[in-house]
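Number of protein chains: 6
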Amino acid sequence: MTDTIRKDGRITTQLREVTIERGWSDQAEGSALISFGKTKVLCTASFTNGVPRWLAGKGKGWVTAEYSMLPRSTNSRMDRESVKGRIGGRTHEISRLIGRSLRAVIDTKALGENTIVIDCDVLQADGGTRTAAITGAYVALADAIEWAREKKFIGQKAQPLIDSVAAVSVGIIDGEPMLDLAYVEDVRAETDMNVVVTGRGLFVEVQGTAEGAPFDRRELDSLLDLAVGGAADLTALQVEALGRASA
Amino acid sequence: MTDTIRKDGRITTQLREVTIERGWSDQAEGSALISFGKTKVLCTASFTNGVPRWLAGKGKGWVTAEYSMLPRSTNSRMDRESVKGRIGGRTHEISRLIGRSLRAVIDTKALGENTIVIDCDVLQADGGTRTAAITGAYVALADAIEWAREKKFIGQKAQPLIDSVAAVSVGIIDGEPMLDLAYVEDVRAETDMNVVVTGRGLFVEVQGTAEGAPFDRRELDSLLDLAVGGAADLTALQVEALGRASA
Amino acid sequence: MTDTIRKDGRITTQLREVTIERGWSDQAEGSALISFGKTKVLCTASFTNGVPRWLAGKGKGWVTAEYSMLPRSTNSRMDRESVKGRIGGRTHEISRLIGRSLRAVIDTKALGENTIVIDCDVLQADGGTRTAAITGAYVALADAIEWAREKKFIGQKAQPLIDSVAAVSVGIIDGEPMLDLAYVEDVRAETDMNVVVTGRGLFVEVQGTAEGAPFDRRELDSLLDLAVGGAADLTALQVEALGRASA
Amino acid sequence: MTDTIRKDGRITTQLREVTIERGWSDQAEGSALISFGKTKVLCTASFTNGVPRWLAGKGKGWVTAEYSMLPRSTNSRMDRESVKGRIGGRTHEISRLIGRSLRAVIDTKALGENTIVIDCDVLQADGGTRTAAITGAYVALADAIEWAREKKFIGQKAQPLIDSVAAVSVGIIDGEPMLDLAYVEDVRAETDMNVVVTGRGLFVEVQGTAEGAPFDRRELDSLLDLAVGGAADLTALQVEALGRASA
Amino acid sequence: MTDTIRKDGRITTQLREVTIERGWSDQAEGSALISFGKTKVLCTASFTNGVPRWLAGKGKGWVTAEYSMLPRSTNSRMDRESVKGRIGGRTHEISRLIGRSLRAVIDTKALGENTIVIDCDVLQADGGTRTAAITGAYVALADAIEWAREKKFIGQKAQPLIDSVAAVSVGIIDGEPMLDLAYVEDVRAETDMNVVVTGRGLFVEVQGTAEGAPFDRRELDSLLDLAVGGAADLTALQVEALGRASA
Amino acid sequence: MTDTIRKDGRITTQLREVTIERGWSDQAEGSALISFGKTKVLCTASFTNGVPRWLAGKGKGWVTAEYSMLPRSTNSRMDRESVKGRIGGRTHEISRLIGRSLRAVIDTKALGENTIVIDCDVLQADGGTRTAAITGAYVALADAIEWAREKKFIGQKAQPLIDSVAAVSVGIIDGEPMLDLAYVEDVRAETDMNVVVTGRGLFVEVQGTAEGAPFDRRELDSLLDLAVGGAADLTALQVEALGRASA
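Residue numbers (the UniProt record's numbering), protein chains in the order written: chain A, 1 to 247; chain B, 1 to 247; chain C, 1 to 247; chain D, 1 to 247; chain E, 1 to 247; chain F, 1 to 247.
Hint data in this document are derived by calculation from the structure and do not stem from the laboratory.
Errors might be hidden in some of the hints.
It does not matter which identical chain is meant; a pair holds if it fits inside one copy or across any two.
Listed below are the simulated DSBU-like cross-link pairs for lysine-lysine, each with C-alpha atoms no more than 35 Å apart in a straight line [unchecked claim]: (1) Lys109 / Lys7; (2) Lys38 / Lys84; (3) Lys7 / Lys60; (4) Lys157 / Lys7; (5) Lys84 / Lys157; (6) Lys109 / Lys157; (7) Lys157 / Lys60; (8) Lys157 / Lys58; (9) Lys7 / Lys151; (10) Lys152 / Lys7; (11) Lys38 / Lys58; (12) Lys109 / Lys60; (13) Lys151 / Lys58; (14) Lys58 / Lys84; (15) Lys58 / Lys152.
Here chain A stands alone, though its shape is the one from the complex:
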């Protein structure tokens, strides 16, 4: 790590300004509007009794997620997937990643036969939408579980959440590892990695991709170090948001 100053004034190990507006929605059982700099993602958690048919009768709950971008969340307008009539590969990939990341910290037995669907809709995109989505989704999920506890849909002593989870991107730009890439950095990165880490510091997902040149073991190691640090900062912000009274 060095003290290189980035275009937006950050040092390499620094997150963008992160804000978590918990309880943004009046409708959802849990919600958070999260910002990583200009990236803004609205995360809602919808709690319903019952589980999909393939899981029925096993005494376990289900958590799943859907990710989507508004058509003008990006610099030039994209066609809506509803208009195209099909969901693109990237959308599918990220929805699945968010779902797996959340299930990694859920004890589905403790959740009982209930389903929580997390929707992560990107209102504005400036890099790191999937990592912001996971980080905000955890807050919405935690609130939906508290809601269900109050409504007695889950037991008063049940602990469906066995850990917290947050995610951050890291990448190598001009040979230098950097944390939480903004869009202009992301397009220049030679290697790009999204890392999902629990509150206890364990890995849930490590997804590294050589965008430019393949990377070696030393580079991989320094990216992982950077990600673990950034994820710890995000965990602290989640704890703080969940400690405040909901909006």
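We have chain A already, so just place chains B, C, D, E and F on it with the hints.
For chains B, C, D, E and F alone, coordinates are given in the frame of chain A:
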């Protein structure tokens, strides 16, 4: 009109609290986050040079709109249209209504061969989403046209906007005409009408539907009176928003 | 109203020649082939026991409608929606309008847990397809209800039909309000309105759209007057058709 | 062949009553409403200049066909393929059969770089819809070619039609070969065959299917004899229809 | 028939080299990788208990088939139907043909309420893919039935297979009837016929199409003779394959 | 690493038997049928001149991939994605992974404005289908490039391939890291990782997922060691296959 006080404390001729957060988006050429009470719609305007193929070479521009609801904008979660692979009739209907309403105040010749796409995404729904969408869309549209003028994509003296436009719902509940129905009112209304009115007080669209019993001419007249009054209030709020410096 | 003579020889307050060929289909429980001038719509009513799942067990019936145009019903051939794999917004909009119009004159309790699906297929189009469809659909619906009464699927004294319903278009051309627009008139109209009226003269739907310039209250009033008169003529033709023995 | 009298009074070698209402449509370049008993198919021919991209520049024209059934053409209502969002195998199969049958009597060079699309929409179905469609489509096609000749889109001496074409179904019921099966016969047939024959008596398509038990060579031969005779009768009716002045 | 020698050295009445690799799959209940020259089709039979809902409770089983081509089975790459989001007419047509052909030799009562799905995936295509598919599918089907008998899903004495079935293409090239057309022959054929024949020599399907000029009765007869001979050769190869121990 | 013997007799660091049948297809420009134990994937490379529109005129080529599973490649039959009308998230994800992996070893400038589409169709699945696909795809890709060089579609000295690429799965089962998981191992793995490595030993993709419990840095390190070793073995097998004369 009477002085009946509604559940939320309004009198029959009163709008809910309306806020217009102009310039909400850092990405779009024009944008507004509009609220009619708890109904919140993000409207963005995307300006591009050129027109669809069927309009090319006629020296005219094009304005169109797409409306959509986030899956958990409502009290219980709806499936995404992108997941269902098809757009529902209601969505189509409202997208077309918004587009027609905006085109009614556009001089497409003055716009030149440019296209403006308005996206209206409902972040939270509590009745009146289509009327809020039209009212906010006008603000986004006006800003996109100013942007294009500054960028010299349209002439400095061109006046593509020939009027402003706003919309409001009215309905008859327990025999009494009321302005700007919230969701709990909307489901109880015997007759429901959406009225789109220009800044000069002319009608662009009048869509009245008997939800319960058919209505007579006298009822129709009183609903139209109410709508014209409410639309004038919205016009004033648009003027005020466009007069402020953009966020 | 004036005595202006239109291209096809009609005065402004005059319908085109309307014919209703009741019982056209050997297959459907009720049917009518209706013509408004060259516009020809085949309306069939399909009666089945039972209701959609969301309505089951409430002791109520359901009436719904689907509208479609044959690909060469129009002057130049349109692609089939089945080939495109998606139903367009206009089709959805009109199907919904027909369904709402019919339900406005149905007592769903008296219908019992039965479903009637109305199909309106435009064989030839020359303006006013949606209004012809509603007017013909009522005849098919009435016959399907009689069929069901004879088959004892509904009680002998049940009166599911509480009124009749008809629809007509009106518009302003060169400043003059006119009834029942043919296609060449429709494309020239500044304002276009479809009005659905019951046999008793009450409004079910009022859908006015400014195609050219926005319209004022006086214009709106004269269009409504014209529509109410035309609808009364159509009601008389429906009564006559239902009084004849079925084909 | 025997003199067995069928349920509807026909002998085994007899067609149902066939009527051809030529020029039914005011919109299409050629059209015919054809009935084989209660089976009614509306056939329209749409002529356009130019050919699909894959055929451009070869000096040849193109003829293609689309077949569809109205939802209530049958005894119980079928879902629309536009609503299902996909075209079924049977529809595809029949559309392709009609197209191939017509192209067999077309000299595409003489047609020039023009396209004729034939739409065959079944208004009422009682067996034999595909054979009625082919037989009626030929009449619509012939008229569209005459129209194009008059409009000088094809040369005055060009002869794009090199023969006529008609089609008929045959089948074996209770061991006996029968011509032109009505629906109640079709469902009982052990073997079902559709045969497309030119005016000169040559085969274009022979599609025989064992619905019940496989069939032997002798049965196949007697079915072909029957079909050739029926097709000759249909050819005579086509000649007669084209000889009359168009409706 | 003559002794004309074809491009690939065959005489007119000769099949290409046919190989049947029985039991190719470790996963399916029955399978065969069949080659007709360079045409290679992988046929698998999937046996499951139960039948589709519309057949339930009738004491009968169901056999159906799906055909598909790998995108680069052909000389130039085709788009995948999964990518296009719709299945083409040809694919539907062939899937239905295979299903009907197999059901013609099945006693569905003896099969009991069980379903067998046959998948025929063309790994490499050089003409005759549908006939190879039917011929190979029979082998897979026979093995799946044996598997089910061993697993006691069907009775030890039940005989669901009442005959065998094979298929072959025939065509007329330069006026001469030929058996089992390779791709280069198929594109040159004036008439093309696919014939499905049982082991006992009865016809299940006869599908003849005039690709170039219509054909007469004498040509039809000689094609049928040729097909019956070729099918007998294929039957012998099926018998031999099923007599060997499975791979 | 330990000497634990697995169910199928392998030690933890051992690949399954890998075979590469190069040039399997007579149609494709490059092809390989690769087996990792019972997993069999047919990889074809289709070379065409020109590039997608978005890349045109930049002097660069394009390599992309599509992955799919035959419906009965697995233990129980899956519905075809073409029948479902949509491609699932997993399929999209793997297609994208294969494409990125191959592009990491391609110099698109040296390829010129040409496109290579790789199709990876899983004929039989027993775990590791995506890693087998990548490993086989490289062989097909290398042969397609040689073919293009011979046909002079790319320069004689152009070196579009800058490295080779192979992929392998690793996972932790009962706390022990293991190489190249078969299906029965994969479902039991606590952590599952797919690693794509170049012939020079650099990383292209690292995709680790906690299926059961999150994993720590030490576990991650041991999985990476194992993967690098397995990839080197696969590289040697690729070299050997490409050294042999093509089938």
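Now the hints, each set against the structure:
no. : hint            : verdict
1   : Lys109 / Lys7   : between (47 Å within a copy, 30 Å between copies)
2   : Lys38 / Lys84   : both (27 Å within a copy, 30 Å between copies)
3   : Lys7 / Lys60    : between (48 Å within a copy, 30 Å between copies)
4   : Lys157 / Lys7   : neither (49 Å within a copy, 38 Å between copies)
5   : Lys84 / Lys157  : neither (46 Å within a copy, 38 Å between copies)
6   : Lys109 / Lys157 : within (13 Å within a copy, 48 Å between copies)
7   : Lys157 / Lys60  : within (16 Å within a copy, 44 Å between copies)
8   : Lys157 / Lys58  : within (20 Å within a copy, 39 Å between copies)
9   : Lys7 / Lys151   : between (48 Å within a copy, 26 Å between copies)
10  : Lys152 / Lys7   : between (50 Å within a copy, 29 Å between copies)
11  : Lys38 / Lys58   : between (43 Å within a copy, 32 Å between copies)
12  : Lys109 / Lys60  : within (5 Å within a copy, 41 Å between copies)
13  : Lys151 / Lys58  : both (22 Å within a copy, 28 Å between copies)
14  : Lys58 / Lys84   : between (37 Å within a copy, 28 Å between copies)
15  : Lys58 / Lys152  : both (20 Å within a copy, 29 Å between copies)
Taken one by one, the earlier hints fail for this structure at numbers 4 and 5, listed in ascending order.
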